[in-house]
Amino acid sequence: MTSDDCALLEAFHEGRLDEAAATAWAAHLDADPLLRREIAAEVRLANGLRALVQSGSDQAAATTAARRSLELLAADSESRRRLTVARVLSRTRRRSWLGRWPWMVAAASLLAVVLVTFHASTTGSATVAWCGDRALVPGDRIDGGQLRYADGSRIDLADGSRLTLAGDGVRKRVLLDQGNLLAAITPQGPAGGFSVTTPHGDATVVGTRFRIQTDSRSALLQVDEGSVALRAQDTSRTIAAGGAALAVDGQVLPLPPPWTDRRPIGRWVISGTGVGGRLSGTNPNGWLHDPTITGEGLASRLAAETARIGQLSQRLGAQGVIIYGIEGAAAQLNAGFVGDPRRLPTLAADMEPHADAIFVRLRQAGLAVGISITPWRLVERDGRLVQLADPATALTELESKVGYAQRRWGCTLFYLNVSSPGVAPGHHLPDLAVQMLAARHPEILFIIENATPGQALAAAPQVLGSGSALPGRVCVRLPWNGAGSGPAAMARAKAEGDIIGIDMLAIDQVNAFP
Amino acid sequence: MDNELTPLITQARAGDRESFGRLVELIHYELRIFIAVRVSDEDLVEEVVQAALITTWRILDRYDGRGSFLPWVKGIALNHLRKQLRARARSPVRTLDAIFAQEDAAALDRDDERLDRLRHCLDRLGSGVRQVLDLRYRDGLDLASLARHLGRSSGTLAVQFHRIRRTLRSCMEEGGVV
Chain A
1 MTSDDCALLE
11 AFHEGRLDEA
21 AATAWAAHLD
31 ADPLLRREIA
41 AEVRLANGLR
51 ALVQSGSDQA
61 AATTAARRSL
71 ELLAADSESR
81 RRLTVARVLS
91 RTRRRSWLGR
101 WPWMVAAASL
111 LAVVLVTFHA
121 STTGSATVAW
131 CGDRALVPGD
141 RIDGGQLRYA
151 DGSRIDLADG
161 SRLTLAGDGV
171 RKRVLLDQGN
181 LLAAITPQGP
191 AGGFSVTTPH
201 GDATVVGTRF
211 RIQTDSRSAL
221 LQVDEGSVAL
231 RAQDTSRTIA
241 AGGAALAVDG
251 QVLPLPPPWT
261 DRRPIGRWVI
271 SGTGVGGRLS
281 GTNPNGWLHD
291 PTITGEGLAS
301 RLAAETARIG
311 QLSQRLGAQG
321 VIIYGIEGAA
331 AQLNAGFVGD
341 PRRLPTLAAD
351 MEPHADAIFV
361 RLRQAGLAVG
371 ISITPWRLVE
381 RDGRLVQLAD
391 PATALTELES
401 KVGYAQRRWG
411 CTLFYLNVSS
421 PGVAPGHHLP
431 DLAVQMLAAR
441 HPEILFIIEN
451 ATPGQALAAA
461 PQVLGSGSAL
471 PGRVCVRLPW
481 NGAGSGPAAM
491 ARAKAEGDII
501 GIDMLAIDQV
511 NAFP
Chain B
1 MDNELTPLIT
11 QARAGDRESF
21 GRLVELIHYE
31 LRIFIAVRVS
41 DEDLVEEVVQ
51 AALITTWRIL
61 DRYDGRGSFL
71 PWVKGIALNH
81 LRKQLRARAR
91 SPVRTLDAIF
101 AQEDAAALDR
111 DDERLDRLRH
121 CLDRLGSGVR
131 QVLDLRYRDG
141 LDLASLARHL
151 GRSSGTLAVQ
161 FHRIRRTLRS
171 CMEEGGVV
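The listed protein sequences correspond, in order, to chains A and B. The C-terminal position of the first sequence is numbered 514 in our numbering, with every residue numbered one higher than the one before it. The C-terminal position of the second sequence is numbered 178 in our numbering, with every residue numbered one higher than the one before it.
It is possible that part of the hints are untrue.
Said to hold, decoys possible - Pulled a few chain A residues facing chain B out of the computed Cβ check, cut under 7 Å: (1) Ser-3; (2) Cys-6; (3) Glu-14; (4) Asp-32; (5) Leu-35; (6) Ala-40; (7) Glu-42; (8) Leu-49; (9) Leu-70; (10) Leu-72; (11) Ala-158; (12) Arg-162; (13) Val-170; (14) Gly-179.
As the list claims (entries may be wrong) - Non-contacting residues of chain A with respect to chain B, defined by C-beta distances greater than 12 Å in every case (computed): (15) Trp-25; (16) Tyr-149; (17) Leu-182; (18) Pro-187; (19) Glu-225; (20) Gly-243; (21) Gly-250; (22) Gly-281; (23) Ala-299; (24) Leu-344; (25) Val-386; (26) Glu-399; (27) Glu-449; (28) Ser-466; (29) Ala-483; (30) Val-510.
Said to hold, decoys possible - Listed next, the stretches of chain B that the computed footprint assigns to chain A, with coverage defined by at least 3 CB atoms under 8 Å from CB atoms of chain A: (31) 24–38; (32) 50–57.
Hints in this document: simulated from the structure, not taken from any laboratory. All C-beta atoms in this analysis are idealised placements derived from N, C-alpha and C, irrespective of residue type, glycine included.
Build the full structure now, drawing on both the sequences and the hints.
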């Protein structure tokens, strides 16, 4: 069988082979018995597949068939009755052949009407939905706009999005080729249903309101009302109202729900250049911002400061403490916060023997612990360490750093520092990286700098001062940083249930916490 | 299933069309695919199924209860199918309908377990292949739309469907081993 035969077979199966092509192909097959036999077998199999993969509990089709059978029975009985009457009448009085004809025509017409109606409704050319005034049939493609079904279900397709219509008015199906849609589906009966197929997964609903968007890598589902089943290859999860899930790499990953612990989080910047803005020879990593600290005194100073931070955090009723700059300040001049705990042995050899004790003491105080990390790779350029912003490796970098900190220190809080010196504006952390990271670690709170709406679905955005939070998700607000900072921002944070971030080295912030 | 059908058959025999309608609902799916796997023309499937159901109604009193009801109806459907195929094959014009009808008639009695083997072989396909089949055969998506959705050319997709069907046919011929 050639590729031309394959294409002709598909066209024949769809009923769109024109007369000329059909005649030519028939002549070709007539001359080749082996090919004829093979193609006939394939067409039979295609018919069988079509019948078989349609739902085995297709009650709507069965009910329709029953109704048509009864209509045909009625027409059949009527025509048989009339023919019987006609025969009886013809015995009793002479009737012309034309005299009998009207009865037979009427009966045949009724049968013909029933059969034509039956045929037309099974050829699949009926309107399934509308977009504006345009009536749509399966196979029609829509670029943006609103799709409406007869039962009131509707789909809003965002600009730049593309959808192909499938299914029928009862079993509604659409293929989301690209972009995103918002669906409001009226409750469907047992024979009906609504499903959205994306290149990465299918969502099936019975009656609900949800959004789904797809790109080259994944499909993201958010459910506003009801519940939606999201299926990708062999995995399927049902997502309830308020939930969200990703279909990516053949898996369905539910996104974690909003973080429920709204207690404040202490922020401890453990290294820096201090007041003078320079690093000293005795404390090249700027531990505790004190240039006078020497190597021998570092352990005791760290222990004392850790105890103090722990006590303050307990007084605040904090849920935990995030440590910034655990890798030391030496590399910060060029790279900003290094955000890579794996570099501790090389960048902060002086901290390496003491780091574990810090986290242990904080956890013994009943506090969750965390660090700041970046999604970028630290590379050496011209003798200096800089952050290389590469979206393609962001998720891998984050997973490795999170895994290290989790294993070594039991960290369950992470601040994702996205902007760094040397990272060009416009380089951003891919939404999918944050969503997959959060889905794989529902036990961890990820706080995102400059979060996008897509990232806010999976993690907590950091908001400065009186800034607006993204709707629907909890944020971590720093009321004393950025525009509109101060008591009003603190009050807004409390009123809106934000998690408040407190600089543990700024005692006025600690004291101002209500 | 016969337990569910027996009271309906009894009532239908007494002239109760609603009961017959309920019978049709219960057996329609199986009857339809029984014919569909044997026929190249989908319109002919509908014609034969409906004709079989009409005949079943007419001769319902001949069903003596020995053997299951559904195979009895399938036998009626097969007779209708044979008649239709013979009539089409006899057409003096060698249309595709006539050509396929001749081949279908020749293959008709060859394999009674074809449908069970097809079900089994379908279950053994990978989920990705199964999804594509669902889009094509369950959702009725035409080749061009499906190719566009999958990011392939129509020609490539047509060949891929041929390969899938060839795999299924090999499986069916080997008794269900993929």
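A quick look at each hint next to the structure:
no.	hint	verdict
1	Ser-3	holds (5 Å)
2	Cys-6	holds (4 Å)
3	Glu-14	holds (5 Å)
4	Asp-32	violated (11 Å)
5	Leu-35	violated (11 Å)
6	Ala-40	holds (4 Å)
7	Glu-42	holds (5 Å)
8	Leu-49	holds (5 Å)
9	Leu-70	holds (5 Å)
10	Leu-72	holds (6 Å)
11	Ala-158	violated (18 Å)
12	Arg-162	violated (9 Å)
13	Val-170	violated (13 Å)
14	Gly-179	violated (13 Å)
15	Trp-25	violated (7 Å)
16	Tyr-149	holds (15 Å)
17	Leu-182	holds (20 Å)
18	Pro-187	holds (22 Å)
19	Glu-225	holds (25 Å)
20	Gly-243	holds (24 Å)
21	Gly-250	violated (9 Å)
22	Gly-281	holds (61 Å)
23	Ala-299	holds (57 Å)
24	Leu-344	holds (44 Å)
25	Val-386	holds (38 Å)
26	Glu-399	holds (26 Å)
27	Glu-449	holds (35 Å)
28	Ser-466	holds (46 Å)
29	Ala-483	holds (46 Å)
30	Val-510	holds (55 Å)
31	24–38	holds (count 10)
32	50–57	holds (count 4)
Hints 4, 5, 11, 12, 13, 14, 15, 21 from the list above are not met by this structure, while the remaining hints are.
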